[in-house]
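Novice: Residue-level listing of the chains:
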Amino acid sequence: MKTVLVTAGHMVLLLVVASAVALSTNEFRGKKRIDIHRDFFPTKPPIDESGPKPPPKSTPDPNATVTTPPGHDGPSASAPPPSPQPNVPPPTSEPNAPPGADEKKFPYALVSLEDVHWAVESGAAAAQSTLIVDARADEPYERGHVPGALQLDYYSFQYYLDRVLRPAMSAEHVFVYCNGGDCEDSLLACQLLEEHGVPKEKIRLFKDGWEAWQKSGYAIETGKTPE
Amino acid sequence: MNSHPGLLARIDRSGMPLLLARLAVGGWFAYLSLRKLSNPAQFLKDVHSYGFFPTQPPELLNTLALMLPYLELLCALVLILGLWRRAAATMILGMLLFFGPLLVVRALGIQAEKHLPGFCWVKFDCGCGNGEVYICRKLAENAALSLGALVVMFSRSSFLCLGNLFARPRAAPARQTALSGASA
Numbered sequence: 001m002k003t004v005l006v007t008a009g010h011m012v013l014l015l016v017v018a019s020a021v022a023l024s025t026n027e028f029r030g031k032k033r034i035d036i037h038r039d040f041f042p043t044k045p046p047i048d049e050s051g052p053k054p055p056p057k058s059t060p061d062p063n064a065t066v067t068t069p070p071g072h073d074g075p076s077a078s079a080p081p082p083s084p085q086p087n088v089p090p091p092t093s094e095p096n097a098p099p100g101a102d103e104k105k106f107p108y109a110l111v112s113l114e115d116v117h118w119a120v121e122s123g124a125a126a127a128q129s130t131l132i133v134d135a136r137a138d139e140p141y142e143r144g145h146v147p148g149a150l151q152l153d154y155y156s157f158q159y160y161l162d163r164v165l166r167p168a169m170s171a172e173h174v175f176v177y178c179n180g181g182d183c184e185d186s187l188l189a190c191q192l193l194e195e196h197g198v199p200k201e202k203i204r205l206f207k208d209g210w211e212a213w214q215k216s217g218y219a220i221e222t223g224k225t226p227e
Numbered sequence: 228m229n230s231h232p233g234l235l236a237r238i239d240r241s242g243m244p245l246l247l248a249r250l251a252v253g254g255w256f257a258y259l260s261l262r263k264l265s266n267p268a269q270f271l272k273d274v275h276s277y278g279f280f281p282t283q284p285p286e287l288l289n290t291l292a293l294m295l296p297y298l299e300l301l302c303a304l305v306l307i308l309g310l311w312r313r314a315a316a317t318m319i320l321g322m323l324l325f326f327g328p329l330l331v332v333r334a335l336g337i338q339a340e341k342h343l344p345g346f347c348w349v350k351f352d353c354g355c356g357n358g359e360v361y362i363c364r365k366l367a368e369n370a371a372l373s374l375g376a377l378v379v380m381f382s383r384s385s386f387l388c389l390g391n392l393f394a395r396p397r398a399a400p401a402r403q404t405a406l407s408g409a410s411a
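Those sequence lines, one after another, are chains A and B.
No gaps in the numbering here: position 129 of the first sequence is 129 in this note's numbering, and each next residue is one more.
In short: position in the second sequence from 1, add 227, done, that's this note's numbering.
Honestly, I wouldn't trust all of these hints.
In silico BS3-like links for lysine-lysine, alpha-carbon gap of 25 Å or less [as the list claims (entries may be wrong)]:
(1) A:Lys215 <-> B:Lys341
(2) B:Lys350 <-> A:Lys200
(3) A:Lys215 <-> A:Lys32
(4) A:Lys31 <-> A:Lys224
Keep in mind that the hints were calculated from the coordinates and are not lab data.
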């Protein structure tokens, strides 16, 4: 009995010491600090039952100058998108089809791998008329990211937000991605951008993410975000 | 008193099972906890991904995710040193038994979602500190660690335990005291 009590007492002490060390050292961890009071996983906003509208279709208008991605009829993909027509990527779903399961599940319009590739190849990303945001942490970002993508680590966003917010406000579209698969950081980053004033209509979710980009064999960029 | 201890008792008395269990379990937990501590945000995400812990209030999940790797590291160090070994082993066993079923449930979910042919085909990052692992290998590892923790908890040896330095010397048995008193 005495042994049990002594053991229980030691266990309580271990818990108390571990908690004290965890909370005190957390304050000195810089970018890796976890804000205890921050709700990192907010309840997602209710989804409109009709589903979010897919991006507007680039209907063939003989009077308008429309830039389309490679593989479609249109001007050369290497030419920068002309103004004043918005540089709108083609929809990821049939315009007349009812919203699919993906569109209903995600509260932001989706973009495909081809849309992101077109934004990079057409120079839209370099010109920041389409801003690409990488919602992953430092190490995976520096190992490789979509060319021109700015980093916005959702878990320590205060170190990255200033660098991303201004171009996001001035860009026509903001594509956000993370790893892909069941990674939800890109969705959380979209919500963060919206909370900080980026209009929802601009924000597009590249849900297939980095895994899809890497598998595709497209060019990658390495290193930190340029200052 | 049993004057002919069994085989297991004799092996235990040598102190080697206790020492090996302490070093193996403590060393492995120390390694995993340091990997978790190197990326606290990832561990927070991993804990949240189980869907078991409430996200409100956020302080609960955040504190748990912060504290757990430190608790593991502290228990590992204490175990290796042989100080409070039973408490440390009990904590470690408790964590293994608590997260084990959560691992299984999560793996079953992944198997159903990805339509994998067998349970052992499931591979995912369980948040344990060593990246993506096959579930069966992880469960076998956990079983071995649990066995090691049990050895530490129930071993009667105190071979190379730092706790010996702080143990009170035991009083001599009453019979010997009476005998020494008679011969004086």
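Novice: Would you mind marking each hint as holding or not holding in the structure?
Specialist: A quick look at each hint next to the structure:
Taking the CA atoms of lysine 215 of chain A and lysine 341 of chain B, the gap is about 19 Å. The hint holds against a cut of 25 Å. Taken as a hint, the lysine 350 of chain B and lysine 200 of chain A pair is broken in the structure, with Cα atoms around 36 Å apart against an allowance of 25 Å. Taken as a hint, the lysine 215 of chain A and lysine 32 of chain A pair is broken in the structure, with Cα atoms around 29 Å apart against an allowance of 25 Å. For the hint linking lysine 31 of chain A to lysine 224 of chain A, the alpha-carbon distance of about 15 Å falls within 25 Å, and the restraint holds.
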